[in-house]
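J.: Here are the chains, one letter per residue:
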Amino acid sequence: MEKVIYPLFYFLIFPGFLFTGIVGLLASWVDRKVTARVQWRVGPPWYQPLADILKLLGKETIVPAGPRATFFLLAPVLGLVGVTLVSTVVWVLNLNPGSSFVGDLVVVLYLLALPPLAVIIGGAASKNPLGALGAAREMKLVLGYELPFLIAVFTVVVKVGSILFGDILNFQEFNGIMLRHPSGILAFVVAIVCSQAKLTLIPFDIPEAEQEIMSGPYVEYSGAPLAIFKLTRAMMLFALPVFLITVFWGGLHFSGWNLLWTILKYVALLVVIVVVRNTNPRLRIDQAIRFLWGPVTAVAILGMILAVVGL
Amino acid sequence: MALKTWPLKKSPWIFHLSTGSCNNCDIELLDCLTPRFDVERFGILLIGSVRHADALVVTGALTRQCVPRVKECYDQMPKPGLVIAVGQCACTSCIFRDSYNIVGPIDKIIPVNVYIPGCPPKPEAMISAIVKALGTL
Numbered sequence: 012m013e014k015v016i017y018p019l020f021y022f023l024i025f026p027g028f029l030f031t032g033i034v035g036l037l038a039s040w041v042d043r044k045v046t047a048r049v050q051w052r053v054g055p056p057w058y059q060p061l062a063d064i065l066k067l068l069g070k071e072t073i074v075p076a077g078p079r080a081t082f083f084l085l086a087p088v089l090g091l092v093g094v095t096l097v098s099t100v101v102w103v104l105n106l107n108p109g110s111s112f113v114g115d116l117v118v119v120l121y122l123l124a125l126p127p128l129a130v131i132i133g134g135a136a137s138k139n140p141l142g143a144l145g146a147a148r149e150m151k152l153v154l155g156y157e158l159p160f161l162i163a164v165f166t167v168v169v170k171v172g173s174i175l176f177g178d179i180l181n182f183q184e185f186n187g188i189m190l191r192h193p194s195g196i197l198a199f200v201v202a203i204v205c206s207q208a209k210l211t212l213i214p215f216d217i218p219e220a221e222q223e224i225m226s227g228p229y230v231e232y233s234g235a236p237l238a239i240f241k242l243t244r245a246m247m248l249f250a251l252p253v254f255l256i257t258v259f260w261g262g263l264h265f266s267g268w269n270l271l272w273t274i275l276k277y278v279a280l281l282v283v284i285v286v287v288r289n290t291n292p293r294l295r296i297d298q299a300i301r302f303l304w305g306p307v308t309a310v311a312i313l314g315m316i317l318a319v320v321g322l
Numbered sequence: 002m003a004l005k006t007w008p009l010k011k012s013p014w015i016f017h018l019s020t021g022s023c024n025n026c027d028i029e030l031l032d033c034l035t036p037r038f039d040v041e042r043f044g045i046l047l048i049g050s051v052r053h054a055d056a057l058v059v060t061g062a063l064t065r066q067c068v069p070r071v072k073e074c075y076d077q078m079p080k081p082g083l084v085i086a087v088g089q090c091a092c093t094s095c096i097f098r099d100s101y102n103i104v105g106p107i108d109k110i111i112p113v114n115v116y117i118p119g120c121p122p123k124p125e126a127m128i129s130a131i132v133k134a135l136g137t138l
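Going down the list, the protein sequences come from chains B and S. For the first sequence, the positions run 12 to 322 when my numbering is used. For the second sequence, the positions run 2 to 138 when my numbering is used.
If you are wondering where the hints come from, they were derived from the structure by calculation, not from laboratory data. Since this is a predicted model, take the numbers as computed values, not measurements. Quick reminder that beta carbons are idealized off the backbone N, C-alpha and C, glycines included. Hints are supplied without guarantee of correctness; some may be wrong.
Claimed, not checked - Think about it this way: if two alpha-carbon atoms lie no more than 20 Å apart in a straight line, the pair counts; the simulated SDA-like pairs of lysine to any residue are: (1) Lys133/S to Gly114/B; (2) Lys241/B to Phe43/S; (3) Lys44/B to Leu47/S; (4) Lys80/S to Leu84/B; (5) Lys80/S to Lys44/B; (6) Lys11/S to Lys109/S; (7) Lys10/S to Ala62/B; (8) Lys72/S to Lys109/S; (9) Lys10/S to Gly234/B; (10) Lys80/S to Gly69/B; (11) Lys10/S to Leu61/B; (12) Lys10/S to Leu84/B; (13) Lys241/B to Lys109/S; (14) Lys5/S to Tyr58/B.
Claimed, not checked - A partial selection of chain B residues facing chain S, derived with a Cβ cut-off under 7 Å: (15) Val49; (16) Arg52; (17) Gln59; (18) Asp63; (19) Lys66; (20) Gly69; (21) Glu221; (22) Glu223; (23) Ser226; (24) Gly234.
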C-alpha cells in the first residue's frame, strides 16, 4: 500500500502538481509584475495568474472542425504530465539523494523535452496555418537549444564522473559547488541561455510571437486546454530553475539558514530570466538558430574541454 | 457561482476588432495599455487570437465587407463573452448612416453589452465602461 500512496502523494501534492503549480503561478506573477515595473506601469495583483487559469477553466472549450480532436485535446495534458514529473523527480532526489537511480539525469532531460513536444503536437494538430507555423518554429528552436543544453549538462557529468543525481549532489557537497570551477561557470551560463529558449521567453519567444503569428501554436485553443498550457508554462518557470540549481548550484537544502539560501538562489535565477526577457528584442528564427549553434555551442564545448582537462 | 464569475471579472482578455474605423478609436484603445492608464492592473490584456478572448471590442462603422467577418469573430469567441461597441460610429453609425456602404450600428449584427459613445471616447470612459460591464456578469 505504501508503494502506491507515497508516489501518488509526491506526484499530486507536495513536490508535484499542487506545490509546483502554486509556486509556478506566483513566479509567473513576479514575472508579470517586474515586467510592468520595468515599463513604468503598476502591474497586475498577486492573484492574477490564478484568476486567469480559473477563468479559462470555466469557459467554453471549442474544438475546431478541422483538427483531430484526440491529439488536439491530449497535447496539453502531455506537457503538464511532463513538467509535473520533472518537478517531482528533482525534488524527491533533492530531499533524499539516496533514492537516486541509474540514469535519472537522462530521464529528467527527456521529460524536460515533453512540454515543447506537446506544444508542437498541439500546434500541428490545430490545422491552422498560424498554428502550423508556430509548431514549425518551436521545432527549429528545440533543435537549436537542445544541443548546447545537453553539452552543458554533460559537462557536469564529466566533471563528477557519474550520471546519478545523488552523486552530483554529493560531489557538490564535498568538493564545492559546480560554479567554483571554470568549466561549471561556462556550462551554467550556457544552461541559462538555453533555459530562456526552453521557456520560450523573449528573445526566444519566436514560436508564439504575439505580434506576428497571434500566439502561434495556441491560436485555436480556448477554455480548459489553454488553461493547461498556461499552467504548464508557469510550472516550467519553477521546475527549470530548480533543475539548474540542483545540477550547478549545490542543490536545495532546508535546514536553518540554508532554507533562505535556497529561496534566494531560485529568486536570483528568476530575476536573471525576467531581466533578460525585458531588455531584449525578439530574434528571428534563423538568428536564434545561428546564435544557439554558433557562440553558445562554442562556449559549451569550451566548458566541456575544460572539464575533460580537469579544471 | 462565485467561483465562476469572480475570475471572469478579474481577468477579461479583450480582442480588438476594427470594422472600418478611422483609426481614431483604435489609438485611444491602445492608450489604455500605456503606463498612464495601465489596464493590466485589472487583469485586462490585449490578446491576438479571438479564441482566447472574453470581450470583443468593436470599433468602426461596420462596412458591408466586414459583416461576415464580424459574425465569424463573434461565433469564434468562446462564451461567456462580452461585446463592447467603442465610438460613435460603432454605436449609431453617426455621420456615415446614409452611406451606401454602411450596414448600420454593430447591434444590427451581433448583441452588444456596452456602448461607449464619443469620437473618440476617452480612455477613462472605456475603462469605466468595461468595469460597469463586468459588474453585470
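J.: Against each hint, give a clear statement of whether it holds in the structure.
T.: Outcome of the hint check:
no.: 1; hint: Lys133/S to Gly114/B; result: violated (57 Å)
no.: 2; hint: Lys241/B to Phe43/S; result: holds (19 Å)
no.: 3; hint: Lys44/B to Leu47/S; result: holds (16 Å)
no.: 4; hint: Lys80/S to Leu84/B; result: holds (19 Å)
no.: 5; hint: Lys80/S to Lys44/B; result: violated (29 Å)
no.: 6; hint: Lys11/S to Lys109/S; result: violated (29 Å)
no.: 7; hint: Lys10/S to Ala62/B; result: holds (9 Å)
no.: 8; hint: Lys72/S to Lys109/S; result: holds (11 Å)
no.: 9; hint: Lys10/S to Gly234/B; result: holds (16 Å)
no.: 10; hint: Lys80/S to Gly69/B; result: holds (10 Å)
no.: 11; hint: Lys10/S to Leu61/B; result: holds (13 Å)
no.: 12; hint: Lys10/S to Leu84/B; result: violated (27 Å)
no.: 13; hint: Lys241/B to Lys109/S; result: violated (36 Å)
no.: 14; hint: Lys5/S to Tyr58/B; result: holds (15 Å)
no.: 15; hint: Val49; result: violated (11 Å)
no.: 16; hint: Arg52; result: holds (4 Å)
no.: 17; hint: Gln59; result: holds (5 Å)
no.: 18; hint: Asp63; result: holds (5 Å)
no.: 19; hint: Lys66; result: holds (4 Å)
no.: 20; hint: Gly69; result: holds (5 Å)
no.: 21; hint: Glu221; result: holds (5 Å)
no.: 22; hint: Glu223; result: violated (9 Å)
no.: 23; hint: Ser226; result: holds (5 Å)
no.: 24; hint: Gly234; result: holds (6 Å)
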